[in-house]
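Those protein sequences? They're chains S and R, same order as listed. Heads up: the first sequence begins at 1 in my numbering, then just goes up one per residue. Heads up: the second sequence begins at 150 in my numbering, then just goes up one per residue.
Since the hints were derived computationally from the structure, they do not count as laboratory data. By construction, the Cβ of each residue, glycine as well, lies at the ideal position given by its N, Cα and C atoms. Treat the hints with care, since some could be wrong.
Said to hold, decoys possible - Selected chain S positions facing chain R (in silico; Cβ < 8 Å):
id, residue
1, M52
2, G53
3, V57
4, I62
5, H64
6, A65
7, D108
8, I111
9, T112
10, L114
11, S115
12, R119
13, L121
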Amino acid sequence: MASVFSKDLITFELNASDKVDAISQMAQLVVSTGRGSDAEQIAKDVLARDEMGTPQVDGVAIPHARTSGVSQSSVAVARTTNKNVIFDADEGPAEVLFMILVPNEAGDEHITILSSLARRLMDDEFTKALRTTNDPAELVGLLENQENG
Amino acid sequence: MKIVAVTSCATGIAHTYMAAESLERAGKAAGHEMIVETQGAGGYKPIAREIIQGADVVIFANDVGIRDLDRFDGCKIVQSIPKTAIKDPKSLIAQAEELAGK
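Turn these sequences into a full structure, and let the hints steer you where they fit.
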């Protein structure tokens, strides 16, 4: 099974004008890696899910969706360069975005990985590391190291 | 005391598990035994009826229907949503303590 994480799915300099732009840029990033074919569909599905609420904890937001726009489960990671990306006015700007995308026909293995990631995002030490590393390979290592979190 | 919690959300990928982790951490920090069932996209392992009926109180953090709801007949239930469980788990634990009268 291919990893849901990849160096190519990480950007430390997301310069977005707002939430919609951020999701659109991240969707394009996912498509550019060949993991999906339809950035518009991805963005549309993520925004539809966002209408019911996107979880955010301590500046880390997790937009997510099941979408036909991807062919394999993928987690795109972005750090924002400004304070324009706001999912929840109460929470303030998102500093780190994890966009979790699952194909409509995803198997349980991926769900297990993604649910484990969602749990780890509640861990302060883990999210601190996410904010501070500047090495995509190191970040992928942190993300894949699920069992030792 | 012994607290059973069930978390569930529309997509079953993120909120369900974040809410579960959040409640587990807050409950344990307050000295309670936490038994949490995640009803997510990966299916769920149902907590046995006897365990549920033996709990002091139950917390529901869901925005879609709880499956096998009849297991909770007669239980004291704090009803909430995943967002609250993620953002402010302590308030739900406090409500659970109050409802259980302990």
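Here's how the hints hold up against the structure:
1. The interface hint given for M52/S is met, as the beta carbon of that residue sits about 6 Å from the closest beta carbon of chain R, less than 8 Å.
2. The interface hint given for G53/S is met, as the beta carbon of that residue sits about 6 Å from the closest beta carbon of chain R, less than 8 Å.
3. Checking V57/S against chain R by beta carbon gives a least distance of about 6 Å; that is within 8 Å, so the hint holds.
4. Because the beta carbon of I62/S sits about 5 Å from the nearest beta carbon in chain R, less than 8 Å, this interface hint is met.
5. With a least beta-carbon distance of about 5 Å to chain R, the hint placing H64/S at the interface is held under the 8 Å criterion.
6. Satisfaction of the interface hint for A65/S is found here, the shortest Cβ-Cβ separation to chain R being roughly 7 Å, below the 8 Å cut-off.
7. The interface hint given for D108/S holds, since its Cβ lies 5 Å from the closest Cβ of chain R, which is under the 8 Å cut-off.
8. Checking I111/S against chain R: minimum C-beta separation of about 4 Å stays under 8 Å; hint holds.
9. Residue-level restraint check for T112/S holds (minimum Cβ-Cβ distance to chain R is 6 Å; threshold 8 Å).
10. Given hint, L114/S at the interface with chain R, holds; its Cβ is 5 Å from that chain's nearest Cβ, closer than 8 Å.
11. Here the hint on S115/S is kept, as its CB sits about 4 Å from the closest CB of chain R, short of 8 Å.
12. Because the closest C-beta pair between R119/S and chain R is about 4 Å apart, less than 8 Å, the hint holds.
13. For L121/S, the interface hint holds, since its Cβ comes within 8 Å of a Cβ in chain R; the closest pair sits about 6 Å apart.
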